[in-house]
Structures are given as C-alpha cells and as structure tokens.
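A.B. asks: Please construct the entire structure, taking both the sequences and the accompanying hints into account.
In this text, residue positions in the sequence shown follow this note's numbering: the first is -15, and each later residue adds one.
Please keep in mind that the hints were generated in silico from the structure rather than gathered at the bench. All the given hints hold, so there is nothing to weed out.
30 Å max Cα-Cα, derived DSS-like pairs, lysine-lysine:
| no. | residue 1 | residue 2 |
| --- | --- | --- |
| 1 | K0 | K29 |
| 2 | K0 | K18 |
| 3 | K17 | K0 |
| 4 | K31 | K16 |
| 5 | K31 | K17 |
| 6 | K16 | K0 |
| 7 | K31 | K0 |
| 8 | K18 | K31 |
Pairwise CB distance ranges, derived in the manner of DEER restraints:
| no. | residue 1 | residue 2 | range |
| --- | --- | --- | --- |
| 9 | D30 | L(-12) | 31 to 39 Å |
| 10 | K29 | T(-13) | 29 to 37 Å |
| 11 | K29 | L(-12) | 30 to 38 Å |
| 12 | I22 | E(-1) | 15 to 23 Å |
| 13 | A27 | L(-9) | 17 to 25 Å |
| 14 | N(-3) | K17 | 30 to 38 Å |
On a predicted model such as this, the values are computed, not experimentally measured, just so you know. We treat Cβ as the ideally placed atom computed from N, Cα and C, and that holds for glycine.
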Amino acid sequence: MTTLFSLIIPAYNAEKYISNCIQSILSQNFSKKKYEIIIINDASKDKTQ
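C.D. replies: Okay, structure coming up:
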C-alpha cells in the first residue's frame, strides 16, 4: 500500500502538547495505512524526544 499523504509536525519544546496532537490525528477517519506522521524535533530542551 502506498502512502497518500504525510503529516509533518515541527516540534520545539512541545512535551506538553505532542501527545494530544498525535492522538487527535489518530482519531480522524483516515485509514492509518494511507498516511504517515513525521515529527521533526528542533533541538528541544524538554522531553519532546
């Protein structure tokens, strides 16, 4: 199966928010086989990693 689209999430010190962001994406009605989630961590100083 091919990826139809990519969701790119830039993150910098997003420890408090990244989990909710990902859960929100996963709760959508898209087939999980048709997209990918890419999280780009920009040298966060918290536990975003």
